[in-house]
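Protein chains: 2
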Amino acid sequence: MEFIHPFIKELEPSQLEELRQSILYKKVKKGTVLQLQGDINIKSYFVKKGLLRSYTIDEKGKEHVFMFAPEGWIISDMESHSKGLPAQLYIDVLEDSELEIVEKTILEKLTKLKNTEYFDKHNSLLINRIIVLQKRVILLMSATAKERYEDFLSTYPNIIQRVPQKLIASYLGITPEALSKIRGQLTK
Amino acid sequence: MEFIHPFIKELEPSQLEELRQSILYKKVKKGTVLQLQGDINIKSYFVKKGLLRSYTIDEKGKEHVFMFAPEGWIISDMESHSKGLPAQLYIDVLEDSELEIVEKTILEKLTKLKNTEYFDKHNSLLINRIIVLQKRVILLMSATAKERYEDFLSTYPNIIQRVPQKLIASYLGITPEALSKIRGQLTK
DNA sequence: CGAGCGCTTGATTGAGTTCAAAAATCGTGG
DNA sequence: CCACGATTTTTGAACTCAATCAAGCGCTCG
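Each protein sequence line maps, in turn, to chains A and B.
Numbered by the numbering used here, the letters in the first sequence go through residues 968 to 1155 in order.
Numbered by the numbering used here, the letters in the second sequence go through residues 968 to 1155 in order.
Some hints here could point you the wrong way.
Since copy identity is lost for identical chains, a pair holds within one copy or between any two.
Said to hold, decoys possible - Subject to a maximum C-alpha distance of 27 angstroms in a straight line, what follows is the list of computed DSS-like cross-link-like pairs (lysine-lysine):
| id | residue 1 | residue 2 |
| --- | --- | --- |
| 1 | K1133 | K997 |
| 2 | K1148 | K1133 |
| 3 | K1076 | K1016 |
| 4 | K1076 | K993 |
| 5 | K1027 | K1102 |
| 6 | K1113 | K996 |
| 7 | K993 | K1102 |
| 8 | K1076 | K1133 |
| 9 | K1027 | K1076 |
What the hints contain is simulated information worked out from the structure, not anything from laboratory work.
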């Protein structure tokens, strides 16, 4: 129930119980694909332990990593869901993980509660996402691959050791070869 | 009061009056700079008529257009505001415009109302922003300048005639020269 | 009417891609 | 725990897209 925790402090046991029914605890193995582009039954994934990622595959067949989600993060396509759209993103498992899988029905339940604290927290999550995306757009427009990599290093130092470089390259929007050469330059 | 309109259907006259005090109607001339990067007293701008844009200037001194806001759009740094950060973006006026300038105090007033409809609408606005940003990140990572321009053409057909090409180039993350050459290719 | 700004066009340069092949690392079954 | 095959990473050469630099044209608006 860590997923709901930050949202709501004061809830009656019966309300809590109802919410709990929309949350499924699950251990998943590395390599599992949790969500495919185009899926309609969108869920959110709270990472208790492990590491997930979301990504797209473009018309040319190329993968583009959208985000990594280590412990404590929520990964989802809630954007798509709220709009009633099919999933834009794939989500898969990079390390054996323990998840809270949150059904979309929880959104309606939370809304029904008319709990302004929940709305506030949810807003704040969305705003965080916007700030991160905004920064990424600006980086993609104005920074060289090297600068983007250095920014990644300082922003997500803990992710680097856990993820193959090709995925980091993909996140940065460059080829694995290019990243390898940049790393070569930086260490020498 | 168009700004509040979509948020709230049922409000008592006294509540409405209080909200109104946080909203200022103003005509502004082309070229006016409404907000500077670093400003603390952040406002939001609802465009009744005209055209605004937001942009950053990076460490190398280059401008990057972040978004255009024609009639009916809201432009702001609400993200930064909610986090108590200074403005990330400049905002200026591309055409003589009529605006509703919304003080940040309105946020607190709206929150106090505990009006869940407002929260819902606000959430939905934020999610829209996320979807747009998400698409833009993917485009920047996976598409050539030409493809990005063609996407811009189909997504914002009405903006093109109203904005100098150098600003569109900046929005796309390319130089004006590059855009000019792409346009050359497309018309021949 | 002139100065400056915006758009175009061309030549040159450079960051990053693509293709290919070798070196290093990982994971799995025996 | 080792060995072998598969996947990742590195390295190099050729190429491409877009940036930079530079020059010329056409408008506008002051």
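Status of the hints after comparison with the structure:
For the identical chains of this complex, K1133 and K997 are intra-copy neighbours only, at 17 angstroms inside a copy versus 47 angstroms across copies, given an alpha-carbon limit of 27 angstroms. For a Cα distance limit of 27 angstroms, the shortest separation of K1148 from K1133 inside one copy, 12 angstroms, qualifies, whereas the shortest one across copies, 33 angstroms, does not. Taking the shortest Cα distances, K1076 and K1016 sit within 27 angstroms of each other inside one copy (26 angstroms), while across copies they are farther apart (39 angstroms). Taking the shortest alpha-carbon separations for K1076 and K993, only the intra-copy value of 22 angstroms comes in at or below 27 angstroms, while the best inter-copy value is 41 angstroms.
Both within a single protomer and between protomers do K1027 and K1102 lie at most 27 angstroms apart by alpha-carbon distance, with minima of 26 angstroms and 16 angstroms respectively. For the homomeric pair K1113 and K996, neither the shortest alpha-carbon distance inside one copy (33 angstroms) nor that between copies (41 angstroms) is at most 27 angstroms. Taking CA atoms no more than 27 angstroms apart as the test, K993 paired with K1102 passes in neither setting, with 33 angstroms inside one copy and 31 angstroms between copies. Taking the shortest alpha-carbon separations for K1076 and K1133, neither the intra-copy value of 40 angstroms nor the inter-copy value of 48 angstroms comes in at or below 27 angstroms.
Taking the shortest alpha-carbon separations for K1027 and K1076, neither the intra-copy value of 40 angstroms nor the inter-copy value of 49 angstroms comes in at or below 27 angstroms.
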